[in-house]
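Need the complex rebuilt from these two chains, each delivered in its own frame; the hints are there to steer you.
Protein chains in written order, with the numbering used here: chain B, -4 to 226; chain E, 23 to 266.
Hints are not guaranteed to be accurate.
What the hints assert, rightly or not - Between beta-carbon pairs, the in silico distance windows are:
{"hint": "1", "chain 1": "E", "residue 1": "Glu253", "chain 2": "B", "residue 2": "Leu226", "range": "51 to 61 Å"}
{"hint": "2", "chain 1": "B", "residue 1": "Met17", "chain 2": "E", "residue 2": "Gly31", "range": "46 to 56 Å"}
{"hint": "3", "chain 1": "E", "residue 1": "Trp147", "chain 2": "B", "residue 2": "Arg9", "range": "25 to 35 Å"}
{"hint": "4", "chain 1": "B", "residue 1": "Arg9", "chain 2": "E", "residue 2": "Arg38", "range": "51 to 61 Å"}
These are calculated hints, taken from the structure and not from any lab test.
Glycine is no exception: its CB is placed at the ideal position from the N, C-alpha and C atoms.
Letter by letter, the chains look like this.
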Amino acid sequence: MTEARDIDILHYCRSQTVRQLMLMVRSPSEVVNPLLFFLLVIVLFPLGLGPDPEQLSVLAPGILWVVALLSNLMICMRLFVDDLEDGSLEQLAMARVPLSVAVLPQLLASWLASGLLLSVVSPLFGLMLGLPLNVAPVLIASLLMGTAIMLLLGAVGAALTVGVQRGGILLALLILPLYVPILIAGTRALNEALQGGDPSIALALLGAGVTGSLVLAPLAIAEGLRVSLEL
Amino acid sequence: MWRIVHQFGSPPWVYRFCDRVIPWLLPITVVALLTGSIWGLLFAPTDYKQGDSYRIIYIHVPAAVVALAGYYVMALAGLVSLVWRVKLADTAMRAAAPIGAAYTAIALITGAIWGKPTWGAWWVWDARITSMLILFFLYVGVIALFEAYENKTVAARACAILSLVGTVNIPIIYKSVDWWYSLHQPASIKFTGSSAIDASMLYPLLGMIISFYALFALLMMLNLKQSLTEEYAQSAWLNKRLTA
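Just chain E, with the same shape it has in the complex (with noise of 0.2 Å):
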């Protein structure tokens, strides 16, 4: 079990992990998408109340969903290179940022596409928007500070604690912005309710999240083989596994 554990540390292991997975994520990730983005822009039934515009949660929520998920596999990886130094976590949390931050910018862009004809604004001071933007800007610290320092050893090591820090920081924030919400305004705008939503509509959504979810895994990997290549430029195995 070790075995495995200590494989995951190794650049030549990793690299030739992701070229070998590459080619059958990346067809599973575009039929993914293609099959729930059709299956939720064309298929799934109206909403009786938005109308279509509602068909914008297949991008919003997954989005949201994997955005707020990244963060953790940055952490996570942050934890594990202050940890036990590995030099290959380093990467991983370097190659999940921008991702993330992607991912979380995608989240409010279509939320506030969907907000303009649903709330008559484009932007809303609800507490989960609210959350999205501060998470968009932990993400965008993480990024500063990486590009901040020089020494790229010392930048990821900077980094891990400041993700370490935001981890603790996520669910009070979550919970703060919550409250603050709570004594804005009362819920006149109910976002998701109480009411569930139908199958016909979930499953589509479920669809994108695991798609997303997919999508991240490539572009890590994708992300993680441009970095090691940068890195390892000189090394012997890098360069007999590109020549061969």
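In isolation and in its complexed conformation, chain B is listed as follows (with noise of 0.2 Å):
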């Protein structure tokens, strides 16, 4: 009985992994907005700042992580919208696969078209910032596991917040104040490596985060959808 149960969700999380992506590939511009933002930003930063780039390069691991973080937000806001206004959301939530596990698969698929290609795309980013290449590796680590764990907070909050009318910039302030140790890790790493010292503390504890993370998070997502359905 459990085993015919595990199978069903394995072929379930795929199923919905590849819906997830295929309705992303079909509306591209939800993938590439938040992209294009992260650039938007990391351009007016030289624009306020000044093109020397000794100075950039300081604050480059600063202004790349709290840009992510924005740019993460955004993607937050727009996580169950959609689900709750056709009628998705409360189909998850009767399911017969328990609702903490029917959330992962979107999760899954919203971070691989937001987090997985912002870090892999971040090096480039960092070249405009005047960050040396030879971080990149620490830069992209860093970012693919502070995204997962940004994305499983906010997705917490974005579960609270889907049935509330302009919930955007509440959203905001219930989520950004969770990830302030996410950005002082990923920045940390970023310096360490920027100053030839051990980035692996910062990184060990980035993983620490995502399975802490992955194992609770789902769950509060879960009962937060709940509540917002009103079940």
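The following block contains the structure:
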């Protein structure tokens, strides 16, 4: 019995992930817009701070991480909105698969389209800010893990605010304080790499964050969605 | 023993309990606050380094201590409301949030006032100050989320989840901010340092901490009573109680 259920869940997750990715391929603006936003805000910093590459490379880790945080926030704002409007969220909540598992495919698809993409292209943005190429592996690794935690935590906030009118700014208020540790660990990893130190402690902490939030956040997301659906 | 626990879930019982405790708690709190402040502000010895400006700790430290404890009171009420669906826990959670936020604000403002003569700046990115600021935002988030929902029962459940998520995160935030601070600058500003505080300064401080706790309990009971009056305006037990 349990075995049948396990297979069921795996099958469900696979088909859901594919479905979500298909949806994104068909409306690519949702994938591209956060990236464009990321690029645009990064362009604003040199314009505001002056083009001095020395100064920019000192500020680059902070800039990159704050902008990654903001573009992640934009993704979280859209996370469950469409599913609530077309009723598929209710179907999800009624399904045989536990809701905490049922939301994972969507999160995975969102992360593939946002976090993964952003991390892979981030060295390019780093170059624009005068970041040397040899820190690119640390930049990519830290962003891969950081965006995953941010998406999981942000999804909790999104689940709680999806039913609220104009929930966007409220979402920012709820989850930005929770992002503080991620920002600190992420910039620390980059700074250590820049100064020739050992970034592995910060990266390990980010990894711990991924595992921890992967275990706990889905429970909170499911409970939050039930609140928003008033079930 | 279970009867006592169940009584705390019953609005009429809690309302009566508050009515009975408040007449005692109010004078105790006022006397304790007055004694503590007068003792701390007038009679405790002057600090040899900071002079009289250190005396603000008699407001600052108790506010900070209770602000943090207040978050746990709120989160605990949230847990009770989520797990056992006790409606009164919702009300208690809502009652605790604004008080905790106010305590946090007091701690931040008094800290800034103390920082100006001592550190020469109103705001310093010290680890503890930053954590307090984030705590303030966590409180504000809970209040804002509660206000955003039309249906207050749903709002309470949402706030309960949020405050529990916050509870898991608070230790992580505190640790990470400590860690961040150690990167940014060496501890040039020793805040409390290793030197133990002298008993003549400690006792008034402990007194103030206790009276701030009492004040928290008092404000919470008053807040609870008001919310209950609003919620049960139509029920017979309340009308009987108010007209009696």
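Hint by hint, here is what the structure shows:
1. E:Glu253 - B:Leu226: 51 to 61 Å: Check failed, 23 Å falls outside 51 to 61 Å.
2. B:Met17 - E:Gly31: 46 to 56 Å: holds, 49 Å
3. E:Trp147 - B:Arg9: 25 to 35 Å: violated, 47 Å
4. B:Arg9 - E:Arg38: 51 to 61 Å: At roughly 58 Å between Cβ atoms, Arg38 of chain E and Arg9 of chain B fall inside 51 to 61 Å, so the hint holds.
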